[in-house]
Amino acid sequence: MEKFTVHTGTAVPLRRSNVDTDQIIPAVYLKRVTRTGFEDGLFHAWRSNEPDFVLNQQRFNGASVLVAGPDFGTGSSREHAVWALLDYGFKVVISPRFADIFRGNSLKAGLLTVMLPEKIVQRLLDDISDDPSTQVTIDLTERQVRWTGEVHEFELDDYTRWRLLEGLDDIGLTLRHPESIDEYELGRKPWLPSLSDTLNAT
Amino acid sequence: MGKTLAEKLWDSHVVRSAAGEPDLLYIDMHLVHEVTSPQAFEGLRLAGRGVRRPDLTLATEDHNVPTQDIFAPIADLVSRTQVDTLRRNCADFGVTLYPMGDKEQGIVHVIGPQLGITQPGMTLVCGDSHTSTHGAFGALAFGIGTSQVEHVLATQTLPMDRPKTMAVTVNGDLPPGVTPKDVILAVIAQVGTGGGQGYMVEYRGDTFESMTMEGRMTVCNMSIEWGARAGMIAPDDTTFAYLKGRPHAPAGDDWEAAVSYWKTLVTDPDAEFDAEVVLDAAAITPFVTWGTNPGQGAPLSSSVPDPADFAEESDQVAARKALTYMGLQPGTPLRDIKVDTVFVGSCTNGRIEDLRASAAVLDGRKVADGVRMLVVPGSMKVKAQAESEGLDAIFTAAGAEWRQAGCSMCLGMNPDQLAPGERSASTSNRNFEGRQGKGGRTHLVSPLVAAATAITGHLASPADL
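Protein chains in written order, with this note's numbering: chain A, 253 to 454; chain B, 886 to 1350.
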């Protein structure tokens, strides 16, 4: 995973709430077995059916920050939604509230999801709509979002912040403690289900 | 202070706990399907890692399955490649797989409980948000993304921050014709799609205690639709009776030991929840959705709401957008909404009791002209059971299509899809835009409402027949 420290870029206002992961990337794109190349599926229905959709507006071309309404990323657990946003060029999504699974996926894959209070997100939406060239800075070191005259702190736990700043992947971190897993396994209940019989039979 | 059920499940699976770090949780069972696993297996290969516990990992094929032709190779080459990739990965890494055509194949959340692999007290994960289904057994079960699938394959653990706890308490008898699906749709309409975010939810009260295991699974299945990390119901005699004798359930002395442990898996009387939601069972009626998220639902007896009537501006905007997509006018009685398609199936309502409920309504009746009805069992075992009871004959005599097991029309990944503009009454779990096919319009309903709707051609309950 790439390290994330500070990102500055222009932003797209997505004034919709409850943007579910079926909208971020429809199921038909989930048939692929690769990890990259999902940008064509991002918001596919909205991009193809709505000429005025924000990603179809030239003035927002090249934006790397997505600003959305509350409850972004609800529904399916598909991490492809995060990959599609990254592949399209987004580094950060800002919303008043994210669905848990989407947020977990994003912070593991290196897409920074930032929560700000709804009225501040509203102001940011207005400002970037008025002036699409507005430069928005997301500073993970200081846990701040900054744009023309505005500075707002956001919350992110120290551990996740450290992991993102260092670009560390979770599996490597877990495997630093193999003895804890070995020890736990010795105490598991003997009746817990196992596929070992099935495995031996095949 | 005592502990809630969720806290007991959490605490008994902590492998490692350190200040300032997420807890490392042990995962007792990892269910795998073809859609969210290929990139995880590829990650293992790239890192030179293996699957730590293939004996605690079970794979099946469900999302891509063509339910009309399960025994032939998949015609769609992209889908076929995905399924072939799962087969190769399971062979390479030593994971048990129930492929299309196998008698144990089915939707991942249907086969786990059916095999007795889902048991009280366990942690269970799957790269699928409806993993919350398994919480019906008093297990901690939740959906994960592909990065986490790889993590569990490699380590059999997951680093997780402990969510808060919430109780959803419903007491009283459900009125006739009201099903567990109606209960959970009513809960979601009350709390909204984000109401459960950050919580492990326990469904409590005699309404849930009176439900069968399959009803409880329907409720827990849709926990994710209101944002909850997990949903669960304390195990009781109903749970134990369901499990006894199943292929992977404990047997002999193990059974006795297991049951005495399982009986401790209840929320202590002095435990406290971080939040509570209360509903009155007697006030719940057959529920359907009118919009494009599962929280946009209303009693079948009511009308399409006027967006202007919502208090929050964001809800007004969302409702207007939903009604435009759904092609509905405010004030239209929900019963007047005509459908083209009825779908009975999915991990929400594709079990034997769901099929029995629909069949009982359809018995001796006909699906309305111009309406297509698909009945898709959740697993090949459910299919065999239904056929042994003659349910397939009732469905086909009524004019419905009887299919093989898979996710089918719950999501647009296989040939079962709505055409643009088509409208369905569906027993599945999501009415998102395009969920059942590009441009398709979905009304979420119970198996009873689905069957009555198929007969009348418009949203209806059996009482309307």
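Keep in mind the hints are simulated off the structure, nothing from the lab. Mixed in with the good hints, there may be bad ones.
To give an idea of the interface, some chain B residues facing chain A are shown, with a C-beta separation under 8 angstroms as derived from the structure [claimed, not checked]: (1) 904; (2) 943; (3) 1013; (4) 1029; (5) 1044; (6) 1298; (7) 1300.
To be clear about the criterion: a stretch of chain A counts as covered by chain B if any three or more of its residues have a C-beta under 8 angstroms from a C-beta of chain B, and this derived list gives those stretches [claimed, not checked]: (8) 310-320; (9) 337-346; (10) 362-369; (11) 378-390.
Heads up, the beta-carbon is just placed ideally off N, CA and C, and yes, glycines get one too.
Now for the hints, and whether the structure bears them out:
no., hint, result
1, 904, "violated, 10 angstroms"
2, 943, "holds, 6 angstroms"
3, 1013, "holds, 6 angstroms"
4, 1029, "holds, 6 angstroms"
5, 1044, "holds, 6 angstroms"
6, 1298, "holds, 5 angstroms"
7, 1300, "violated, 12 angstroms"
8, 310-320, "violated (count 0)"
9, 337-346, "violated (count 0)"
10, 362-369, "violated (count 0)"
11, 378-390, "violated (count 0)"
Violated hints for the displayed structure, listed by number in ascending order: 1, 7, 8, 9, 10 and 11.
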